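**Q** Taken in sequence, the protein lines are chains A and B.
Numbered continuously in this note's numbering, the first sequence closes out at residue 303.
Numbered continuously in this note's numbering, the second sequence closes out at residue 329.
Hints listed in this document are in silico derivations from the structure and should not be mistaken for laboratory results.
Accuracy of the hints is not assured; some may be wrong.
To be verified - Below, simulated EDC-like cross-link-like pairs (lysine to aspartate or glutamate); rule was C-alpha separation at most 20 Å, straight line:
| no. | chain 1 | residue 1 | chain 2 | residue 2 |
| --- | --- | --- | --- | --- |
| 1 | A | Lys174 | B | Asp187 |
| 2 | A | Lys174 | B | Asp152 |
| 3 | B | Lys98 | B | Asp137 |
| 4 | A | Lys174 | B | Asp174 |
| 5 | B | Lys98 | A | Glu32 |
To be verified - Far from chain A by the CB rule (all over 12 Å, computed), these chain B residues:
| no. | residue |
| --- | --- |
| 6 | Pro80 |
| 7 | Asp137 |
| 8 | Asp207 |
| 9 | Ser212 |
| 10 | Arg257 |
| 11 | Leu266 |
| 12 | Thr269 |
Predicted model, so just to flag it, every value in this text is computed and none were measured.
Note that CB positions come from ideal geometry on N, CA and C, so glycine has one too.
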Amino acid sequence: METLPADSLTQRLRDARRSRQSEKILQDKETERKVEERQEEARTSSVPGEEFFAEAGNLFSFVGRFFSRVWRRPYEVRELLTQMDEVGTKSLMLTGVVGFSIGIVLAMQSRGTLARFGAESFLPSMLALSVIKEIGPVLTSLVLAGRLGAGMGAELGSMKVTEQIDALEVAALKPFHYLVVTRVLACVIMFPIMTMLTDFLALAGGYLEAWLSDGMNVRVFIATAFDSLRFADVIVDTMKTSIFGFIVGIVSCYLGYNVRGGTREVGRAAMQSVVVSSLLILISDVVIVRLSIMLFGDISDAA
Amino acid sequence: MSRISRRADARRQPAEAGPGADAGPHPLDDDGLATPASDPTGAPAAGVPGAEGTARGDAREPHLVDPEAGPVTGNSPPPPDDIVVDLRDVYKGFGPKKILRGVDMTVERGTSAVVMGGSGTGKSVLTKHVVGLLRPDKGEVWVLGERLDLMDQEQLDQKRTRLGYLFQGGALFDSMTVYENMRFFLDRLTTLDRGEKDDLIMEGLEDVNLPSTRDQYPAELSGGQKKRVGLARTLIMQPDIILYDEPTTGLDPVSVRVVSDLIVKLRDTRGISSISITHDLLAAEIVADRVHFLLDGQIAAAGTLDEVRRSDIPELQEFFKGTDAYGHA
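Taking the hints into account, I'd like the entire structure generated from these sequences.
**A** This is the structure:
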């Protein structure tokens, strides 16, 4: 502002005074606002565990949203294939090594125990039972939960933080279909396949051990291994990993999709995805096993 | 599937029969995505007369909208033709936090509005209402003659093909090159052939003066370049309204001028109306036809930049304190 030099001091003092007054008004308002906020907080945050239930509620509404959208267009087939590649092919190395080494170790550890009862010949069937019924499905799912949960949580989280998801939404590109539906479906489809591969490799590892230590014939191994298994068991126990896959997909996508804030929250979302989906896998496994025993009877019926 | 295609047909019909499409045919009209340019009178007769009669004949609850009926207007009178965005008494809160407390704001066709205000006053929240990313707790959001707050997902997506939103960091997809970023939108929303798409992409990049970045990844671009590519990606859809979320924040003064001039150019040459959020007075001076100052969840002052600057509200004086260095617009 162009003013005469004589006036400038007056002007400056006037400005200073006005600005002091403004500041005072602002301070008062700030205090008022803070008091209001405190009162509001005191009113709202008194119920214990409220946050947990709110979060659980949001997760279930996210699941509901998934089921309402999954039937509808657009069907993102190409993106689904990309994601299946990510879940399957690119995780193959990890699950393969885990399966193979668990098979060998399991055989080595059990051999001594079985030998004590003179039941060494049961080794293959014990291996098959434990691998196909429990270790294969659960271990594969947990390993994949670690790899994919963190990946999806972090990827969607950072897309959310950098507003890429909003950009898709605004351009009418249905990000939920593109990002969430494809990932969850990829997990649902690929988890059982990965489990079968892990089972196969674990049994192969077990056989390798048996062959190395007492030269077991492969035919004998296969015959005794599958003797005690029923078809229903194999199906139920493999297909339950679809549910685990659904859990991993939906939990990771939910946490990633709802990140608010910055990079710290992205990291937290990735970490929580792994923790929450692993816990839910183990809990749901208990429920599924109980249910399958109720429906199909337990393994003693096989004999 | 048949249900979906039937609905799509029904939507397409008014698009062909609808009178008064103001801005000529929308580039997306050919695949039935764009709505008619929303008859501003909001008269239900805008759709197909026969279908309209039966739809209105049913005794419906007034707040339920028929997806196949004409413009979505609810029970309120629509704004005049030259108002592209009209927010009426909009309230929005997140939990106990009330962000917007009765915002009233209008934007005229072919003008640039600027929303200013301190951090955390809800400027982004406000603009997100205009593209339907957020829905108001109370109040009406009129965009291009229709009420966004009453629309279902399908209607909203149709409307969105006429809106553009430039996000703060450009929101480019990291995993794709600039070309793929722009192609992605065209692939999914249009049935253009490959040559047409390539032409549109190159034109878009030339508009923002960055044709050389075609094959680069977003990580290789500077902040200003990302914003400009983001703008090119928005422009490729030929929107009627663009919302700019802090288009110049974090840029050097030269880039600020480049981006601001670009916004003005788009307004003057293509008649694109815009709403920009900014703290940047230099940008505001170049861009703004009308400034809205957001304070305590309401528009505390609106007018030209000078009028707002002269306001005697203490918060505004504080905001503009020491900004005389920029001179006057």
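**Q** Now look at each hint and say whether the structure bears it out.
**A** Verification of the supplied hints:
With a C-alpha separation of about 14 Å, the suggested pair Lys174 of chain A and Asp187 of chain B falls inside the 20 Å cut-off, and the hint holds. Proposed proximity of Lys174 of chain A and Asp152 of chain B is supported: the alpha carbons are some 13 Å apart, at most 20 Å. Annotation: proposed proximity of Lys98 of chain B to Asp137 of chain B holds, straight-line Cα distance about 10 Å (limit 20 Å). Only pairs whose Cα atoms come within 20 Å are accepted, and Lys174 of chain A paired with Asp174 of chain B is accepted, the gap being roughly 18 Å.
Straight-line distance between C-alpha atoms of Lys98 of chain B and Glu32 of chain A comes to about 15 Å, which keeps the hinted pair within the 20 Å bound. Every beta carbon of chain A lies more than 12 Å from that of Pro80 of chain B, the smallest distance being close to 26 Å; the non-interface claim holds. Every CB of chain A lies more than 12 Å from the CB of Asp137 of chain B, the least distance being 16 Å, so the non-interface label holds. Under the 12 Å C-beta cut-off, the non-interface status given to Asp207 of chain B relative to chain A holds; the minimum distance is some 18 Å.
The non-interface label for Ser212 of chain B is consistent with chain A: the shortest C-beta to C-beta separation is roughly 23 Å, beyond 12 Å. In this structure Arg257 of chain B is separated from chain A by more than 12 Å, as the shortest Cβ-Cβ distance comes to about 24 Å. Its beta-carbon lying about 17 Å from the closest one in chain A, Leu266 of chain B satisfies the requirement of being farther than 12 Å from that chain. Every CB of chain A is more than 12 Å from the CB of Thr269 of chain B (nearest about 23 Å), matching its label as outside the interface.
The structure agrees with every numbered hint stated previously.
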